[in-house]
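J.: Here is what each chain is made of, one letter per residue.
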Amino acid sequence: MWVGLCLSGTEYATALPAPARKTPSPLNMELSMAKTKALYMVIDIPHHQAVLKARGIVLRTFPLREIDWIGDPIPQSSSFHLTTKDPMVSPLSISPPPASDKTVEAKSEEDQSATLPPPKAQTVSDMPLRYELVFQDGIVVIVQPHHLPSFWGNAFQQLANWTGRVTANVSTWKESFGQPSEPYLVLSMEPIDAQAFYWAVLPPMPWLVFP
Amino acid sequence: MSHPNSRHSFFNSPFFRAIIGLTLVTLLGITAASLASNPTSHKAPFQKNVSASPPVKVSAQPSLISNSMRFLAPKGIYVVIDTAQNRLEVREGEKLLHTAVASTGSGASLQDPRKPNKGWVFETPRGVYAILSKIKNPAWVKPDWAFIEEGESIPTKSQDRIETGVLGDYALGFGNGYFIHGTLYTRLLGTNVTHGCIRLGDTDLEYLYRHVPTGSTLIIY
Chain H
0 MWVGLCLSGT
10 EYATALPAPA
20 RKTPSPLNME
30 LSMAKTKALY
40 MVIDIPHHQA
50 VLKARGIVLR
60 TFPLREIDWI
70 GDPIPQSSSF
80 HLTTKDPMVS
90 PLSISPPPAS
100 DKTVEAKSEE
110 DQSATLPPPK
120 AQTVSDMPLR
130 YELVFQDGIV
140 VIVQPHHLPS
150 FWGNAFQQLA
160 NWTGRVTANV
170 STWKESFGQP
180 SEPYLVLSME
190 PIDAQAFYWA
200 VLPPMPWLVF
210 P
Chain S
0 MSHPNSRHSF
10 FNSPFFRAII
20 GLTLVTLLGI
30 TAASLASNPT
40 SHKAPFQKNV
50 SASPPVKVSA
60 QPSLISNSMR
70 FLAPKGIYVV
80 IDTAQNRLEV
90 REGEKLLHTA
100 VASTGSGASL
110 QDPRKPNKGW
120 VFETPRGVYA
130 ILSKIKNPAW
140 VKPDWAFIEE
150 GESIPTKSQD
160 RIETGVLGDY
170 ALGFGNGYFI
180 HGTLYTRLLG
190 TNVTHGCIRL
200 GDTDLEYLYR
210 HVPTGSTLII
220 Y
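Going down the list, the protein sequences come from chains H and S.
Last residue of the first sequence: 210 (numbering that gives the first Met the number 0), numbering continuous.
Last residue of the second sequence: 220 (numbering that gives the first Met the number 0), numbering continuous.
Extracted from the complex, chain H is given alone in its bound form (with noise of 0.2 Å):
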């Protein structure tokens, strides 16, 4: 026992300590994203906000009613990209009026246009409320409005986010079966920021998470 006990004791004190894994800071791996010239996303789940960037530059500050994660949350700060954007419902495709409409704009010194309807554009408040995010490296984001003025309009969503819930919920007990299933993180907003927000990211945008 005490020949057992020295031997375990020797190994102990003579072992080398395992060497030290170089993961990037989350300052380090923001700061890579600053160099490119692609606008970044930084999700700063402690401080409750979403800031979109550019090196190193707040363009918009988007905050966060509340945050919640369906399946295991991610351990540490992790970069993520962006590869689709997918709404509950789409924006609808605007095509410029036709020819017959525009010969009324006759170019010249002044404001002719004062008399012509506003021409068809795609405007942040034709943007969806709730969506999916989809990320190649196995995280998916779901936007929703933490919730809306009118009652119907309230009930619709808050049974919208029950149901994406249930389905998200429903995927990651893959991970039960052995399989690997990526976790959902659920950013509630005000509905402004959540079609704001849509508006924003644009695949191949990089997301920093700061869990």
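Just so you know, the hints here were simulated from the structure itself, not pulled from any lab data.
Bear in mind the structure is a predicted one, so any value in this text is a computation, not a measurement.
One or more hints might be untrue.
Sample of chain H residues lacking proximity to chain S, with all beta carbon distances greater than 12 Å (derived) [what the hints assert, rightly or not]:
#1 46
#2 131
#3 151
#4 189
Sample of chain H residues facing chain S (criterion: CB under 8 Å; computed from the structure) [said to hold, decoys possible]:
#5 30
#6 33
#7 36
#8 37
#9 51
#10 55
#11 93
#12 120
#13 195
#14 198
Don't be surprised by glycine CBs; every beta carbon is placed ideally from N, CA and C.
Once you've looked at the hints, dock chain S against the given chain H.
T.: Below, chain S alone, put in the same frame as chain H:
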């Protein structure tokens, strides 16, 4: 057959006490050796076996990275355009120098009737760009979509594409045929109506032309 008190007598024996004493001395020795080899560690020595993941090494000091981030930020005057709210800002560092109402891309799409697989989406490109050129009294070289949209035939001569007086007094180019320019349709400023270019009112356009040098950073989001 053993006596019922034989076990009790073994634990009270001097031999057993000696073993316990030596064990404690060995454990104390191991602890001392471990702390001596890694004086900053606050972990208990046997925690090594509990925690499977190796220690995480932070690869740079936050202050250094913050300074690097500052280094990456645009130098001098730069322009920021919000396509959602159709607003333009001229900034220098943290200071806001000028704001303006703009018009950006409509997001509309147009199909080329000659080629079914070809079309255009009239969106303002987003990302980090630079002001590449500054032009006074610009003329518009109309691309194919402008003729298709107006139901006209596409001219064969390049001079038939040139139209003057529609882009305002100045234009600032940022690549791929995209410009910040003026407009005849000032009523539509603040809305998403353009074919991808950025329109400004005359006063704001002149400010930009006079104060934003070529090479300045342009961020569109």
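J.: Could you check if residue 51 of chain H really has its C-beta closer than 8 Å to a C-beta on chain S?
T.: OK, holds: residue 51 of chain H within 8 Å of chain S, min 6 Å.
J.: So residue 189 of chain H supposedly isn't at the interface. Is its beta-carbon more than 12 Å from every beta-carbon in chain S?
T.: Holds: least Cβ distance 15 Å, greater than 12 Å.
J.: With a cut-off of 8 Å, does the beta carbon of residue 37 of chain H approach a beta carbon of chain S closely enough for the hint to hold?
T.: Holds, about 6 Å.
J.: Less than 8 Å between beta-carbons is the criterion; does residue 33 of chain H satisfy it with respect to chain S?
T.: 5 Å, holds
J.: At a threshold of 8 Å, is the proposed contact between residue 198 of chain H and chain S supported by beta-carbon distances?
T.: Since the shortest Cβ distance to chain S is 5 Å, the answer is holds.
J.: Close enough to count: is the Cβ of residue 195 of chain H nearer than 8 Å to one in chain S?
T.: 6 Å, holds
J.: May I ask you to check that residue 151 of chain H keeps its beta-carbon over 12 Å from the closest beta-carbon of chain S?
T.: It holds; residue 151 of chain H is separated from chain S by about 27 Å at its closest Cβ, greater than 12 Å.
J.: Would you check whether the claim that residue 46 of chain H is not at the interface survives, using Cβ distances to chain S and the 12 Å cut-off?
T.: The assertion about residue 46 of chain H holds, with a minimum of 16 Å to chain S.
J.: Going by Cβ atoms only, is residue 55 of chain H closer than 8 Å to chain S?
T.: Holds: closest Cβ of chain S sits about 4 Å from residue 55 of chain H, inside 8 Å.
J.: Grab the minimum C-beta distance from residue 36 of chain H to chain S and call the hint holds if it beats 8 Å, violated otherwise.
T.: Where the cut-off is 8 Å and the nearest Cβ of chain S is about 4 Å from residue 36 of chain H, the hint holds.
J.: With d taken as the least Cβ-Cβ distance between residue 131 of chain H and chain S, does d exceed 12 Å?
T.: Correct as stated: the minimum Cβ-Cβ distance to chain S is 21 Å, above 12 Å.
J.: Residue 120 of chain H was flagged as interface toward chain S. Is the shortest Cβ-Cβ separation under 8 Å?
T.: 4 Å, holds
In summary, the structure agrees with every hint in the numbered list given earlier.
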